[in-house]
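Both chains are sitting in their own frames, so use the hints and assemble them into the complex.
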Amino acid sequence: MTSMQRVLTALSHKEADRVPLFLLLSLYGARELQMSVKNYFSSHENIIRAQIAMLKKYGADCIYGFTYAAIEIEALGGEVIYVEEGPPNSGEPVIKKNSDIERLEFPKVRETPCLLKALKAIEALKAFAGGETPIIGVVMSPFSAPVMQMGFEKYIELIYENRPLFDILMKKNSDFCVEWANAQLEAGASAICYFDPVSSPTIIDRGLFLETGFRVAKGAISKIKGAAAAHLASGRILPIIDDVAASGAAVIGASSLEDMKLVKEKCRGKISVLGNLNGIQMCGWDARRAETEVRKIIDSAACGGGLIISDNHGEIPWQVSEDVLLAISQAVREWGRYPQN
Amino acid sequence: MDFNSLAADFENSLISMNKNKARSIFKTIEKFEDRIFFIENSVVPALRKIGECWESGETSLAQVYMSGKICEEIIGDFSHEAGMRPAAKPKIGIATLEDHHCLGKRIVSSVVRSAGYHLTDFGHGISALELSKAASEDKTEILLVSVLMLHSALKISELKKFLAASGAKTRIIAGGAPFIFDDSLWKNVGADASGRGAFDAVRLIKEQSERTDA
Numbered sequence: 000m001t002s003m004q005r006v007l008t009a010l011s012h013k014e015a016d017r018v019p020l021f022l023l024l025s026l027y028g029a030r031e032l033q034m035s036v037k038n039y040f041s042s043h044e045n046i047i048r049a050q051i052a053m054l055k056k057y058g059a060d061c062i063y064g065f066t067y068a069a070i071e072i073e074a075l076g077g078e079v080i081y082v083e084e085g086p087p088n089s090g091e092p093v094i095k096k097n098s099d100i101e102r103l104e105f106p107k108v109r110e111t112p113c114l115l116k117a118l119k120a121i122e123a124l125k126a127f128a129g130g131e132t133p134i135i136g137v138v139m140s141p142f143s144a145p146v147m148q149m150g151f152e153k154y155i156e157l158i159y160e161n162r163p164l165f166d167i168l169m170k171k172n173s174d175f176c177v178e179w180a181n182a183q184l185e186a187g188a189s190a191i192c193y194f195d196p197v198s199s200p201t202i203i204d205r206g207l208f209l210e211t212g213f214r215v216a217k218g219a220i221s222k223i224k225g226a227a228a229a230h231l232a233s234g235r236i237l238p239i240i241d242d243v244a245a246s247g248a249a250v251i252g253a254s255s256l257e258d259m260k261l262v263k264e265k266c267r268g269k270i271s272v273l274g275n276l277n278g279i280q281m282c283g284w285d286a287r288r289a290e291t292e293v294r295k296i297i298d299s300a301a302c303g304g305g306l307i308i309s310d311n312h313g314e315i316p317w318q319v320s321e322d323v324l325l326a327i328s329q330a331v332r333e334w335g336r337y338p339q340n
Numbered sequence: 000m001d002f003n004s005l006a007a008d009f010e011n012s013l014i015s016m017n018k019n020k021a022r023s024i025f026k027t028i029e030k031f032e033d034r035i036f037f038i039e040n041s042v043v044p045a046l047r048k049i050g051e052c053w054e055s056g057e058t059s060l061a062q063v064y065m066s067g068k069i070c071e072e073i074i075g076d077f078s079h080e081a082g083m084r085p086a087a088k089p090k091i092g093i094a095t096l097e098d099h100h101c102l103g104k105r106i107v108s109s110v111v112r113s114a115g116y117h118l119t120d121f122g123h124g125i126s127a128l129e130l131s132k133a134a135s136e137d138k139t140e141i142l143l144v145s146v147l148m149l150h151s152a153l154k155i156s157e158l159k160k161f162l163a164a165s166g167a168k169t170r171i172i173a174g175g176a177p178f179i180f181d182d183s184l185w186k187n188v189g190a191d192a193s194g195r196g197a198f199d200a201v202r203l204i205k206e207q208s209e210r211t212d213a
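Taken in sequence, the protein lines are chains F and G.
Numbering-wise (numbering that gives the first Met the number 0), the first sequence opens with residue 0 and increments by one.
Numbering-wise (numbering that gives the first Met the number 0), the second sequence opens with residue 0 and increments by one.
Misleading hints may appear alongside valid ones.
Claimed, not checked - In silico BS3-like pairs for lysine-lysine, Cα to Cα no more than 25 Å straight-line:
#1 F:LYS153 / G:LYS18
#2 G:LYS90 / G:LYS18
#3 F:LYS96 / G:LYS18
#4 G:LYS90 / G:LYS205
#5 F:LYS107 / F:LYS96
#6 G:LYS186 / G:LYS132
#7 G:LYS26 / G:LYS48
#8 G:LYS20 / F:LYS153
#9 G:LYS132 / G:LYS160
Think of the hints as simulated: they come from the structure by calculation, not from any bench.
Predicted, not measured: the structure shown is a model, and the values here were computed from it.
This is chain G alone, in the form it adopts within the complex (with noise of 0.2 Å):
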């Protein structure tokens, strides 16, 4: 089998938003074993590779929503005929902090789950407060905060206040189009790391889980 082709073929059906040519593709990979080795080599570095794309302007948000929504269906499909469960460490939450506009949380959603991550919704418009008690119950050790606003982007300092104050030790991601705008913005709320697009978050999330660890 010709995985390099196979790749090819799987992102560009991604690029072009054909979802049945891409669950095409990954059906004509018939073992277990290659379906993994697919998933981790060519479905992850495509969604990588679209977002990048996003961040240098030859693709589109709208491209990258739905090559994420589509790789999330198909593996999700995958994983759930297999018996497959998601990795439940490290333990991870989403939010869309104080606003209401959720597509960066759902991109970065389908991006982390296709990477085999279970991770908690904590929804969207939620208040910094609410926030880091909902954290803290959960005992999240890495919450992703997604924004679009400028006002919601500025809250988490308080998020961070309020989880410092319970004890939590959670570190935090943060992302979204203020951060985009201004490099220096995250360290100034008080965030542990930002990326610049959906495609940063699994290996920020690699990297926050290493200094959890340590």
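Isolated chain F (complex conformation) (with noise of 0.2 Å):
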């Protein structure tokens, strides 16, 4: 099987030869470059180039079009901030008052030289992998967005306390939001992966989630013309996952602060797991330890497909060792082949 099709046939809630992996390494190529993070994202032939070899070298079942969440700040003019072996960070807001929601004006996808750069780099990995390998592309959601466009404080507040200007925000948020999936199809993505990790119940509450974020996120993905995957990056999902099934997701993230079994059953023939290895722990295992947490996963969820596995935030971080890598896709393949006994 190729990783297209193991993939499709978990997604379609159904055993394959084994359980797909999806290795979600965005920042890591420049580690596998051995340049600065900063370096590695100026240009799209790095990002080719490292995406290609950690394919060959890791084996997973996917390649991640992802760059860094700032991305779509540096897309309005906002600030990205470098930092040795972690991702991009967004700067100072580019929403300092409320009234500056009504003047946001996003640019246009295919005039925008950074989103340009990581739909060059789409259009050579689909080139490279033709349709043997899924390629991820990434967007932030319209609902989440805001924690980088203005602050966290200043946007839960808006969502409690002005509500016109809310809608406002999300419509503006959403068209961009849904341009920029459709550019990263077209350009060769095989679905998306839609961030929203305000919606999760660690944030928010599910009353709210059904007022705001899944309203926001059921529009847009009807929008989206690709498969989408929910992604709520660590946090919990248990108390929504019928909800965002219903928002049109097929895949949802999972948290490593929740119990996989448990997750597993309430998804079962609903919508497909990522999940759900903690990225965080990861950085102090060996390789021992990485086969015991994949079979972990395996165990607790891999029955009757609907399972890919990978990290719980939908990113690999710098610090983890090639090692467990290495061991986290050598025991994907020991453990997790159909059927399961």
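Quick look at the structure:
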């Protein structure tokens, strides 16, 4: 089976030859090429070279088209802060006061250099992979992007205290999100990972989610011309699994804070699960621990398909050793074969 | 006056984020001593309970943030009107190390101020070296360090070294997402303690303060 066939089988809630593995390697490409994170992301050619090298080295079942979350802030003219051995972060908010929301203007995706860089990388990776390996594109959800756009505190206050202005921001963000997602699909991405941490019950309660993040996700995902995976970036998901499935997402990212068996039971037949290796603890693992953790997930959730093994956050930290990644890959091959007994 | 019923109503008003109701409940308490009693025995425990419920997944971070903000405003106004001054000892500082996401710092600040402490805010996006200098100059005894990203959490070991090199005996309490996902991370980076949520901050300040005094 090719990786694409394996993944599609899993997503149709059937058992493939083995459980698929997504190693979500983004800034790790800089480590692979032994260059600074800033230098790495300065050229689409670096991304292409690293993604191909890491696919061959670790043998995962996807290519990750993700660069960094703050690229969407960069597109707006905002500040991106580069650090050593960590993901680029957004700097001071581009929305400094609520009145800035009405003046906020997004650029056209295909006229924005930083986004074009990411699209060029996806195009070249698609040419390399053909139809054999899925390429995952990434967008920040319109509902979660404001954390970077205006800061977490002001955004929470906006949600509670100024719903009309919140709706204006959601409309603008949704239009951009859909354009950005569809541009990645046109460039060759097989599916879109819709990062939406604010929708997690870790951040907002379900009642508020149904009024806000759910409504926004349902609208945006319906306009994205491909499959979408909702990823809550380590946030809890159990209380909203049915809602996320109803929003149109085909996959949901699970938190390492939750019992994978419970998650799988609730997802079974409705939505596939991605997860839930603990990316922070992974930095201190050895090969044996990696194997143990992979087996735990397989034992809890592999039966019947509908599972893709991955980290719980959507990005492998720089500090994880190559030996651990190789051990994860090996363990999936050894213990993830179907049928499971 | 039925404090238990008032306390329950107050807690419910926080969970539903009804600022006006919380404020009006507090104002029904007329005597200064009763208000102090209510803060110590109802407001602070309510914040702790909401924080504990967040850890178990029963409340959201937005509820934790908004309830802390409401309490900080109510108690701040009361303290101002009554001419009260927050406790100057121990000398507490807070910062978001390296990162620019300040929600954690803001929530912890609200809880700590609501419990009657003064704390110096050293800002966000600050490097380990800058923070060590600021804390040393301020003679900070307990430094609350909030982070969001793993690489920022790892910078705490540098902060610890810089503080030690300057002769400061500042104790570091670390908090933020990476510490929730790895229980042993705070020890590995050389922090003196870590909380799983803002509600832990007051208890940890008391514990670390006793060790500073010892």
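Hints versus structure:
{"no.": "1", "hint": "F:LYS153 / G:LYS18", "in the structure": "holds, 16 Å"}
{"no.": "2", "hint": "G:LYS90 / G:LYS18", "in the structure": "violated, 30 Å"}
{"no.": "3", "hint": "F:LYS96 / G:LYS18", "in the structure": "holds, 22 Å"}
{"no.": "4", "hint": "G:LYS90 / G:LYS205", "in the structure": "holds, 12 Å"}
{"no.": "5", "hint": "F:LYS107 / F:LYS96", "in the structure": "holds, 24 Å"}
{"no.": "6", "hint": "G:LYS186 / G:LYS132", "in the structure": "holds, 22 Å"}
{"no.": "7", "hint": "G:LYS26 / G:LYS48", "in the structure": "holds, 22 Å"}
{"no.": "8", "hint": "G:LYS20 / F:LYS153", "in the structure": "holds, 22 Å"}
{"no.": "9", "hint": "G:LYS132 / G:LYS160", "in the structure": "holds, 12 Å"}
In summary, the structure is inconsistent with hint 2 from the numbered list given earlier, while agreeing with all the others.
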